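*Asks:* Throw the hints in and build the complete structure from the sequences for me.
Chains A, B and C are the protein sequences, given in the same order.
Each residue of the first sequence is one higher than the last, beginning at 4 in my numbering.
Each residue of the second sequence is one higher than the last, beginning at 2 in my numbering.
Each residue of the third sequence is one higher than the last, beginning at 10 in my numbering.
For the record, the hints were derived by calculation from the structure and aren't laboratory data.
Any given hint could be a false lead.
Derived DMTMM-like pairs (lysine to aspartate or glutamate); straight-line CA-CA distance at most 25 Å [as the list claims (entries may be wrong)]:
{"hint": "1", "chain 1": "B", "residue 1": "K29", "chain 2": "A", "residue 2": "E32"}
{"hint": "2", "chain 1": "B", "residue 1": "K130", "chain 2": "C", "residue 2": "E36"}
{"hint": "3", "chain 1": "A", "residue 1": "K145", "chain 2": "B", "residue 2": "D720"}
{"hint": "4", "chain 1": "A", "residue 1": "K57", "chain 2": "A", "residue 2": "E73"}
{"hint": "5", "chain 1": "B", "residue 1": "K457", "chain 2": "A", "residue 2": "E128"}
{"hint": "6", "chain 1": "C", "residue 1": "K244", "chain 2": "C", "residue 2": "D142"}
Where chain A lies over chain B, by a calculated footprint (3+ residues, C-beta under 8 Å) [claimed, not checked]:
{"hint": "7", "region": "200-210"}
{"hint": "8", "region": "244-254"}
In this text the structure is predicted, and so the values were computed from the model without any measurement.
Idealized CB from N, CA, C, for every residue including glycine.
Chain by chain, the residues:
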Amino acid sequence: MNITTKVNGKEIAREIDDRTMLSTFLREELSLTGTHIGCDTSGCGACTVLLNGKAVKSCTVLAARVDGEEVTTIEGMSNGSLHPLQEGFKEEHGLQCGFCTPGMIMTAADLLSRNSNPSEQEIRESLEGNFCRCTGYHNIVKAVQYAADKMNG
Amino acid sequence: MSYIGKSVKRVEDKRFITGKGNYTDDIKLPNMTAGIFVRSPYAHAKIKSVDISAAESSPGVVKVFTGEDIAASGINGVPCGWQVNFKNGDTMKEPPHPLLVKDKVLHMGDAVAFIIAENYAQAKDAVEKVVVDYENLDAVTDPEEAAKGGAPLVHDDAPGNVCFDWELGDPKDEVAAALANSHHVTTLDLTNQRVVPNAIEPRSAIGHYEDAGDKFTLYTTSQNPHLTRLLLCAFVLGIPEHKVRVVAPDVGGGFGSKIFHYTEEAMVIWASREINRPIKWTAERSESFLTDAHGRDHKTHVQMGFDKDGKITALQSTTFANLGAYLSTFAPAVPTYLHGTLMQGLYTSPKINVDVTGVFTHTNAVDAYRGAGRPEATYQLERLMDLAALEMGMDPIELRKINFIPKFDGVNEPGYATRVALQYDSGDYHGVVDKALEMVGYEAFRKEQASLDNGKLLGIGFSTYIEACGIAPSAVVGALGARAGLFESAQVRVQPTGKVSVYSGSHSHGQGHETTFAQVVADRLGIPLEDVEIVHGDSEAVAFGMGTYGSRSLAVGGSAIVKSIDKVIEKGAKIAAHKLESRVEDLEYAEGKWTVKGTDKSISFGDVSLTAYVPHDYPADLEPGLDFSSFYDPANFTYPFGCHVAIVEVDKETGQVKLKRFIAVDDVGNIINPMIVEGQIHGGLAQGIGQALFEGTVYSDSGTLMNASFMDYSMPRADDLPNFEVDRTVTPCPHNPLGVKGAGEAGCIGSTPAVVNAVIDALWKGGHEVKDIQMPLISERVWNAMQNGSSN
Amino acid sequence: MIPSSFTYKKASSVSDALAMLKEHGDEATLLAGGHSLIPALKLRLNDYGYLIDISKISELKSIDDKGDHIEIGAGVTHGEIVDSALLQSKVPFFSEAADLIGDVQVRNMGTIGGSIAHADPAADWPALLLAADATINIHNGSSSRSVAAADFFQGLFHTAVEEGEMITSISVPVSANAKTKYIKFMQPASRFAIVGCAVNLEMSGGTISSAKVAYAGVSATPFRDSAVEATLAGKSLDDATIEAAGNAAADSASIMSDHFASESYRKQMAKVYTKRALKALA
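*Replies:* What follows is the structure, given as structure tokens:
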């Protein structure tokens with residue numbers, strides 16, 4: 004089937020196999036390999052992207068489903084300069100191996116779009132769908148707080 | 002400027018936070034095929050037949066291999082890298098681990114066929130068309146059960162499923178006599194349950210054979226690409242090492258599970274030559290659960306004796322260690338040399354015997370997982386200490402303190418020789434405990450604990466630990482059975498413009514070597530950090546390497562870098578002396594330049610490096626160039642130590658445990674980058690706490706892994722953990738140039754017993770005098786313990 | 010991972026979806042949020058020739074105030090229920106429950122209709138629908154019917170929806186005198202319910218005039234517990250009543266067991282969580 008979608012602000016038209024997952028479409032078709040696949044069954048959150056501004060697990064969304072919609076991946080977060088979340092992860096050492104990081108950043112972006120000044124507990128709860136095996140989450144929480152502070156000026 | 006000791010932000014971060022990391026599964030090669038393994042759903046079964054005809058004719062299928070093909074081609078299995086002998090001197094049992102099984106599967110997930118297709122979807126469609134006729138057999142998964150007579154045999158030539166038996170320390174009868182004469186003996190039967198590493202990046206391997214040059218390239222999710230190359234070439238496929246390049250690009254976490262050489266790596270390389278095309282295999286998460294080497298899985302009976310003052314008199318530890326169906330690369334080392342040798346802990350114990358039986362079962366292989374043997378040792382000792390304190394009515398900290406080895410720096414004395422084969426390098430064990438107690442507010446806590454009245458029980462648990470890191474001194478481990486030395490290499494290549502490329506045999510998969518190593522180099526050379534680039538993970542770029550595990554990268558790999566830098570400075574001084582018309586001994590090197598002492602005559606590092614490559618005006622007896630390699634083989638292990646404290650709340654009605662606070666004071670020697678060290682501690686804590694509260698495999702009687710998914714295997718999530726309270730003391734390592742000890746595993750070693758101790762403490766305060774609760778402390782187990790006064 | 014091949018069809022309206030269902034019979038299934046269906050397809054536990062995507066049908070996506078009840082479209086996501094001011098004020102335990110489902114990504118995609126059609130015994134919505142005495146509105150292309158929640162959930166992954174039918178909305182009765190609460194004891198890995206307890210008390214002054222108490226995760230089929238409800242009816246919500254109600258919980262249910270919670274523990278937790286839900290309303 005044919006789909007037309009906007010990925011990171013760019014109009015994309017492709018012919019795909021109907022059963023293609025959004026994660027596979029991004030990685031294989033568009034070479035946007037920043038979206039990672041950690042479990043492929045919506046358990047780990049590494050594949051999180053924004054669909055029309057909301058965080059979704061792209062391993063469990065059909066590429067067909069985003070026809071006519073807008074997708075933002077980690078590659079679309081920085082526009083010349085780093086997004087405050089990206090900056091926060093670096094400043095607060097919110098990543099180690101980096102594999103869960105794109106999913107964490109996208110999920111946190113969803114949180115900050117709904118809640119510009121989240122508490123520590125709210126941050127932790129909002130990240131419940133994203134596993135990190137390296138950081139113990141401690142610095143990820145600080146990274147999100149950093150971004151919130153920065154975005155609030 | 003100085004970089005050492007500063008929390009320099011990581012130079013590697015930019016590519017990860019912008020989605021530009023380059024992990025194995027991100028790599029696409031022209032004409033690449035997709036490979037998928039057909040795996041056994043049974044733990045133990047005879048293969049009566051494998052019918053691949055439908056799969057072979059499935060659309061897009063390029064080739065299907067079975068165990069018959071592997072056997073017919075004469076490929077060896079993957080080898081074990083460590084030999085442990087039986088007590089009687091016999092060599093351990095080492096059954097082959099074939100790339101694909103021909104006759105009998107020995108664990109759920111054992112591979113029986115490998116399907117290669119034009120693309121992943123086609124390979125996946127073909128998997129369902131392979132028909133394997135199995136005859137299911139009885140299985141055994143528990144190491145103690147497996148070692149009993151009459152259990153189903155994993156390997157016909159390993160009677161009683163025993164791989165080896167082994168002991169260390171004082172004679173058993175002497176320990177027994179000392180226990181019998183003790184004022185008090187604390188006894189525990191402990192299960193250190195099997196856990197699944199679950200790096201978030203699944204394992205992946207790409208085999209790429211190029212017939213034009215008869216060359217192989219393996220891209221793989223490895224913590225040590227060179228060792229993988231060595232094993233692959235010398236033991237498995239018999240292909241020439243100089244024709245094989247192994248690249249471990251960005252790797253998404255390892256925690257031990259990516260140290261080992263796996264069958265899948267050999268399979269994609271071998272098959273790539275067979276079909277003369279690249280092949281990519283990437284594990285599904287269920288495959289990770291079934292085939293990434295698991296951790297722990299010890300069943301232990303342990304007794305510690307005390308005199309009337311609480312001084313330890315003796316320790317007897319007897320363990321059945323589950324090795325799984327096949328021996329993974331370091332498997333025999335973990336329950337023996339990485340566990341038995343740590344059984345003295347921080348204490349002056351007069352008599353110790355450690356007895357370990359390594360056992361085969363119908364389960365996936367068990368090997369090093371963050372801490373590897375040391376958590377298992379620490380778990381016994383520290384559970385014993387807190388329980389003994391409860392039993393004897395003593396304060397758990399006081400009990401530890403009266404047994405601590407006194408402070409020693411390893412400089413003015415030779416270190417501390419234990420009864421179990423190690424010589425600790427330096428330590429100040431009271432220091433970490435005192436600092437931790439101050440952070441806890443111990444007095445105030447005990448008051449709060451006594452007065453709490455909200456349907457909850459409050460508990461505090463302690464753990465101290467020592468670990469042997471910086472593995473490993475070759476002479477020592479060679480004598481212990483390692484089949485390779487565990488040194489490290491580093492090449493420091495100064496470019497003509499004074500920029501520096503460093504090629505390290507360590508591998509960074511989250512540890513931040515690109516930053517920490519660069520800090521060391523920039524600091525020692527007095528040049529800007531930006532002028533240093535760290536290269537790792539490619540056997541074609543790096544001379545050799547033993548990889549990253551056992552908290553060894555900075556202590557061993559960093560020391561190799563320092564050796565090479567010293568050589569650069571030494572040669573640079575000769576060039577500088579020539580240019581400055583001075584003598585080498587009149588020069589000093591600081592802040593990136595050589596200066597004639599007492600003058601303002603100097604020459605910069607950049608000018609010297611340019612001269613080294615444009616040697617028109619140059620010392621006559623000196624080679625051009627400024628490029629040095631070094632191999633550093635440590636004199637001893639390093640011995641980080643620390644004190645961890647957990648505070649938990651237990652819900653009386655449900656048994657639910659909430660971790661309220663976690664305090665960790667670690668001494669990992671000198672610190673190059675505090676931010677990165679703290680990050681390592683945090684991550685270790687989460688995994689150690691994970692084992693205590695959340696994680697553990699569940700096998701059915703028939704050997705099925707019942708929780709092989711994130712829906713069923715619980716791991717800590719962001720809202721399960723508190724902010725950690727971490728601090729440190731610094732007792733430098735006396736025997737390496739940086740004075741560093743290693744920080745990668747510390748968090749995972751101390752935290753597990755602290756959490757369990759805290760729950761036990763809470764229950765005792767609630768009137769439930771429970772000795773043990775089986776980890777993970779899921780609610781029902783804690784609730785049962787409160788109902789029955791004992792564990793379920 | 011990738012599912013077996015199928016043909017994807019996007020439905021633009023309910024009648025469009027039902028026509029597609031009719032055309033393809035049991036070879037087709039409906040795709041809503043997909044968070045149960047797609048993993049099952051990828052794990053090859055299931056396969057269909059046709060997936061009919063109903064996630065973009067606008068008529069399934071509204072939450073409407075109908076006076077004595079609220080009608081929630083089958084395509085409304087859990088996240089939209091969390092955020093719905095109408096539900097927060099009129100049927101607060103729906104928003105509470107929605108917030109406990111999965112994680113934010115799942116709540117952004119998963120729908121109430123998809124969840125109840127799947128009828129996972131550990132999912133939250135069935136208990137809510139039972140306790141709310143909701144009706145499920147089902148369409149087959151030519152006619153519609155409404156099924157009471159009590160008749161809708163018929164067993165493990167089994168509902169009253171028949172071939173050729175689809176759920177279009179859920180009607181949730183509203184009462185100014187209701188007090189509602191949903192709490193859950195989560196399975197730590199999946200965060201599905203080991204025990205989910207939904208309480209809906211109709212109050213008359215300080216007295217409970219009628220009570221509806223339902224459970225998720227406890228039994229293979231979600232159920233209302235008439236013994237608990239009987240202990241509550243006609244009483245005031247005091248400590249003794251709460252204690253008696255909790256003690257009655259799940260006594261006659263057939264209870265599930267797994268490695269996180271045995272049958273006896275699960276039953277005990279049903280009692281504890283019943284008391285806690287009631288205490289929260291006291």
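*Asks:* For every hint, state whether the structure bears it out.
*Replies:* Here is what the structure says about each hint:
1. B:K29 - A:E32: Holds, at about 11 Å.
2. B:K130 - C:E36: 21 Å, holds
3. A:K145 - B:D720: 14 Å, holds
4. A:K57 - A:E73: 10 Å, holds
5. B:K457 - A:E128: Cα-Cα ~23 Å, so holds.
6. C:K244 - C:D142: Holds. C:K244 to C:D142 sits at ~21 Å (cutoff 25 Å).
7. 200-210: holds (count 4)
8. 244-254: With 4 residues close enough to chain A, the hint holds.
Every hint from the earlier list agrees with this structure, and none is contradicted.
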